[in-house]
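The primary structure of each chain is shown beneath.
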Amino acid sequence: MSKAASVQGSRYFEDFSVGDIYKHFRGKTVKENDAVTICNMVLNSASGHFNDDLMSGTAIGESIVYGGVTISMVIGLAAQDTASNAIRELGMDNIKLLSPVKHGDTLYAYSEVLDTADDEQGGVVTFRHYGVNQKDKLVFQGERRVLLKKRGA
Amino acid sequence: MSDENLPFPNADKAELLLVGNQYEDFEIGQVFEHHWGRTLNSGDNAQFSYLTLHFNPNYFNAEYAKANGHEKIVVNPLLVFNTVLGMSVEDLSERGGPFLGINELTHHAFVYEGDTIVARSTVLDKRESQSNPDVGIVTWHTQGFNQRDELVIDYKRSNIVAKSGKRAKI
Numbered sequence: 055m056s057k058a059a060s061v062q063g064s065r066y067f068e069d070f071s072v073g074d075i076y077k078h079f080r081g082k083t084v085k086e087n088d089a090v091t092i093c094n095m096v097l098n099s100a101s102g103h104f105n106d107d108l109m110s111g112t113a114i115g116e117s118i119v120y121g122g123v124t125i126s127m128v129i130g131l132a133a134q135d136t137a138s139n140a141i142r143e144l145g146m147d148n149i150k151l152l153s154p155v156k157h158g159d160t161l162y163a164y165s166e167v168l169d170t171a172d173d174e175q176g177g178v179v180t181f182r183h184y185g186v187n188q189k190d191k192l193v194f195q196g197e198r199r200v201l202l203k204k205r206g207a
Numbered sequence: 011m012s013d014e015n016l017p018f019p020n021a022d023k024a025e026l027l028l029v030g031n032q033y034e035d036f037e038i039g040q041v042f043e044h045h046w047g048r049t050l051n052s053g054d055n056a057q058f059s060y061l062t063l064h065f066n067p068n069y070f071n072a073e074y075a076k077a078n079g080h081e082k083i084v085v086n087p088l089l090v091f092n093t094v095l096g097m098s099v100e101d102l103s104e105r106g107g108p109f110l111g112i113n114e115l116t117h118h119a120f121v122y123e124g125d126t127i128v129a130r131s132t133v134l135d136k137r138e139s140q141s142n143p144d145v146g147i148v149t150w151h152t153q154g155f156n157q158r159d160e161l162v163i164d165y166k167r168s169n170i171v172a173k174s175g176k177r178a179k180i
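Each protein sequence line maps, in turn, to chains G and Z. Under this note's numbering, the first residue of the first sequence is numbered 55, with each subsequent residue one higher. Under this note's numbering, the first residue of the second sequence is numbered 11, with each subsequent residue one higher.
If you are wondering where the hints come from, they were derived from the structure by calculation, not from laboratory data. Check each hint, because a few of them may be wrong.
To be verified - Below, computed lysine to aspartate or glutamate pairings styled on DMTMM-like, alpha-carbon distance capped at 20 Å:
1) Z:Lys179 to G:Asp106
2) G:Lys150 to G:Glu197
3) G:Lys57 to Z:Glu81
4) Z:Lys166 to Z:Asp35
5) G:Lys203 to G:Glu68
6) G:Lys156 to Z:Glu104
7) G:Lys203 to G:Glu166
8) Z:Lys166 to G:Glu197
Build the full structure now, drawing on both the sequences and the hints.
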């Protein structure tokens, strides 16, 4: 197998135990380049995410980050550790957007292992991911089920 | 307004062409076949995955994807989710208010670069807000299908939705 085909992810099914809590290494400041690009790319037409003039009359006073970007960015920040060996993403549940995210806010990701289950192709892990901003405020939490490779498989 | 304050003549006579729905417009069981459809191409997939730092090589390394049983690069499932949700926004939540959450999301099938996704939603529930008489909370079941009409994703979404003539507080 070529070098390109045999690159390795970081953590495997065996590396996760129920009750583990991780803080992922990288945070990311969510700018218009990220949030407006993704919002427009996925055809989300809600002006509140890309029209500052319209939003100037609200308490927030400017366009806000589309919640799907918050969900995706936090899971992305957790992905090297919890998805780089994913065989397939199975689903998500109890996804809660708890506080608005503004352009320029910085997101950090934490993950908790809720469940692990053996599977003939690998193993299924249920995580609860948490997204926290630069003021240590929880902006997102949600559960995600993923089928991960086993080490050496 | 006097004519000299208008950006062009008769600008004050322009009819605002509204889109979308408000709380009163939703009935439980109502179905929306959403507009547009979206072919997810390799540029979309790579850009979405790198902007969100989602480092699973199945989404941007063709040789790895092949070695892992795929004929083509897999589309990041979070891009599939966001595209299905995005296409549902005008009908469901553009006139509404804050997006509260997602429940019972299932990825039913892989989506590959070049596949085309469409979306459909059914109104599951609507209820008045306890704290704000100007808004209600609506829950929809949304499904995404590929070009072979196979279900690729489904989930339930809840939003605050403004009532007629009102705006949700943001």
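Among all the numbered hints in the text so far, which are the ones the structure does not match? none
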